[in-house]
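Chains as they are written, first to last, in this note's numbering: chain E, 81 to 356; chain X, 154 to 619.
Be careful, since some hints might not be right.
Which chain E residues face chain X? A few, computed with CB under 7 Å, are given here [to be verified]:
| # | residue |
| --- | --- |
| 1 | 159 |
| 2 | 165 |
| 3 | 204 |
| 4 | 215 |
| 5 | 218 |
| 6 | 248 |
| 7 | 249 |
| 8 | 258 |
| 9 | 280 |
| 10 | 305 |
| 11 | 313 |
Quick caveat, the hints were computed from the structure, so don't treat them as lab data.
Cβ atoms here follow ideal geometry from the backbone N, Cα and C, with glycine treated the same way.
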Amino acid sequence: MKLSCRVAGSLAVACALAVTISGCGGGGQGDVPAATEPAGEAAYTLVEDGQITVASDLANAPLDFVDETTGEPQGFEVDLIYAVADRLGLECEYLPAMKFDTIVPLIEQGGKADVGVSNITITDARAEQVDFTEPYLDSNQGLVTRADAAATTEEALNAEGTKIAVQAGTTGASWVEENLPNAEVVALDDPVVAVTGVQTGLYAAAVADLPVMQYLCSNSFTDCQVAIEIPTGEQYGIAVSKDNPGLTKAIDGAIDELEADGTIAELEQKWFGAEL
Amino acid sequence: MQHRRGALLVALALALSGVFATVVPQPAQALTTEKATARPNEDGGDGVIGGMDTRLTWEGTVEPGEEVTSVTLTLPEGSTFEGSTTRITALEGLKRMDVTGEAVPSGSSITVSFDQAIPEGSLLRLEITNMQFPSAGGECTVTGTYEAAGATHELAPSDPISTIANTPLQSMVNWLDEQPWVEAWNSNQFLGMFLKPQLLLTSFASLAPGWLLCLGIVVAAYPFAIAIGLVFAMLKISRWRVVRAVAVTYINVLRGTPLFLQIYIMFFGLPMLNINIDNNLLGIIVVAINSSAYLAEIFRAGIQSIPQGQYEAASSLGMNYVQTMLTVILPQTVRRVIPTVTSDFITAFKDTSLLSSVGVMELMMFSKNLTTVTGNITPYVAAGIFYLIVTLPLIKVVSVIEENIARSERGAGPRPKRRAQIADNADELVGQAAKKDGVAAEVSAVAAPTASLAPASAKEVATDVC
Chain E
81 MKLSCRVAGS LAVACALAVT ISGCGGGGQG DVPAATEPAG EAAYTLVEDG QITVASDLAN
141 APLDFVDETT GEPQGFEVDL IYAVADRLGL ECEYLPAMKF DTIVPLIEQG GKADVGVSNI
201 TITDARAEQV DFTEPYLDSN QGLVTRADAA ATTEEALNAE GTKIAVQAGT TGASWVEENL
261 PNAEVVALDD PVVAVTGVQT GLYAAAVADL PVMQYLCSNS FTDCQVAIEI PTGEQYGIAV
321 SKDNPGLTKA IDGAIDELEA DGTIAELEQK WFGAEL
Chain X
154 MQHRRGALLV ALALALSGVF ATVVPQPAQA LTTEKATARP NEDGGDGVIG GMDTRLTWEG
214 TVEPGEEVTS VTLTLPEGST FEGSTTRITA LEGLKRMDVT GEAVPSGSSI TVSFDQAIPE
274 GSLLRLEITN MQFPSAGGEC TVTGTYEAAG ATHELAPSDP ISTIANTPLQ SMVNWLDEQP
334 WVEAWNSNQF LGMFLKPQLL LTSFASLAPG WLLCLGIVVA AYPFAIAIGL VFAMLKISRW
394 RVVRAVAVTY INVLRGTPLF LQIYIMFFGL PMLNINIDNN LLGIIVVAIN SSAYLAEIFR
454 AGIQSIPQGQ YEAASSLGMN YVQTMLTVIL PQTVRRVIPT VTSDFITAFK DTSLLSSVGV
514 MELMMFSKNL TTVTGNITPY VAAGIFYLIV TLPLIKVVSV IEENIARSER GAGPRPKRRA
574 QIADNADELV GQAAKKDGVA AEVSAVAAPT ASLAPASAKE VATDVC
């Protein structure tokens, strides 16, 4: 009952959604008739009742990372999923940070987390394992070298014995495998370790998502630079188990609303300093 | 229906392009091929195997003043796009444009038509997942055509993509894929996630180099660890306080901090001091230094376990300290510490796994990469088996040596045990014998049969008493 009451206060679309979730007609005075959505379609299951459990690597500032002083998750995606949960009238709980390459298998297996929100690029291969919500952010890849590095082009880096650090299991990793086949790919746990290695000269370059690389280079690793902006035009989506299509639909609805009321634009302004 | 239309379109496109190519030998390109790459699909390797699902990525740039409405990509005969999915990305600089379209596969070609023309200056990327290259392998060039302003043009061929024919290992995996028992096995979530037969097979093949590197690192590191450890053990039992303090600091700092931290400091710290050492060599150094601290403690304990009397005995024979150490104390110490040192060796071998965090290509690193690609935990289980191949025999060795030492310290084999039994009831036997002797003395004349009844044990006791 608490669920439907809370949702009733929010926007009309959310009302309709909540009505179909709880199967109760009490809150549905909105102008979107509940009948247009087939009953049960938006019904979903959660690991913990009344809360969305989120899996993330929390190592990709400014998208998802840990506040050094409080230890709390923060970032664009964290704000986004909290806003989504709020729309759905749910609490939001982050699992401890996990390795990126384990998130999709974890969601696929189910039982531990409801959603994976960790700047996961929507790819066809991943879409065979999990469902994705509609994209919430466009992104590209960035290649970071030391600011004083000699080799900063694809040709120069595609050489035998050159070490390129990536985060294991990412689109950046497969970009290096495909486009710099002569270089040695070193798959690490997170982009911060990769860029640390570049800074100390352990690796010639590191490849990861461009917003993350730009943030790292301008905040923590000022002696590194984004040498190549790789246009990949990939899109991030929230990963949801294939057994839980209702949740995907519900989150899609919430993202639509957040898009429409400018919340997402606000968050982009807050975390990237510009609307993307 | 759609299929037929697609085929027709391709045929038309090909015919048109053929005509066009003959009329204009070198047409100005409105869509320039940037590159074509394929995702490696060799399990545990980086080859692109023909006849197996992989992903083709093709990129081209739309030249100024042009618009492209559809693209047809063609691969050599034997390739197939059937059952593939296509992802279309159009970018203006780094900004993504909203472009969707429809992909129609037709044998070794695929035609992608866009719902809106791709404008000039944009980068077009087509990612085609679950397509296959020819099973025979070889160099594959992506050719094709594109439609711009209602006319069809030839695409410039891409740089060739190297593909290989199926490997024996891969055929075994494919054979496993078809077995019903494998399917049944994998349908159990736990078994499928941790013990997938196909992955176990490929893991063994591709983890082997990592396993050898692990062994190499620890075997190379250990002699140094023993030497350094022995030096610090001697320093720690030194007479001089300063020397002792140095040794205690070295041992306690290294034993009191995680190896993980030591690895980080060495791998990230040394390059900052402009000391650049090869990763594997650095791995050997870290393991040697870390183990040396533990070994120093083991040796110190071993040396101090030798009774003081031995030193006194040695000095009474006129030996100096060095002679005593080298000829009396250390040889006995070696025997005593072998089991503990072997245990430490096992620990050091397992600890090489931490080197994966800094990119040393050892066992865990290979497993991690495989897990990444497959989304399955089986490679880690395979790594566990590789570790056990080394550690289980060593554990056995430790217990055998321990037993031997225990036996030799007791004295020798089972003989003393029997003797001890006899010694325990010796008093009793002696008492009995004395009584009998008394009786025998009284009736000695008629006691010949009784005396013969007195068993051999009495005789033995008699000799013992003597």
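Hints the structure fails to honour: Violated hints: 1, 2, 4, 10; rest satisfied.
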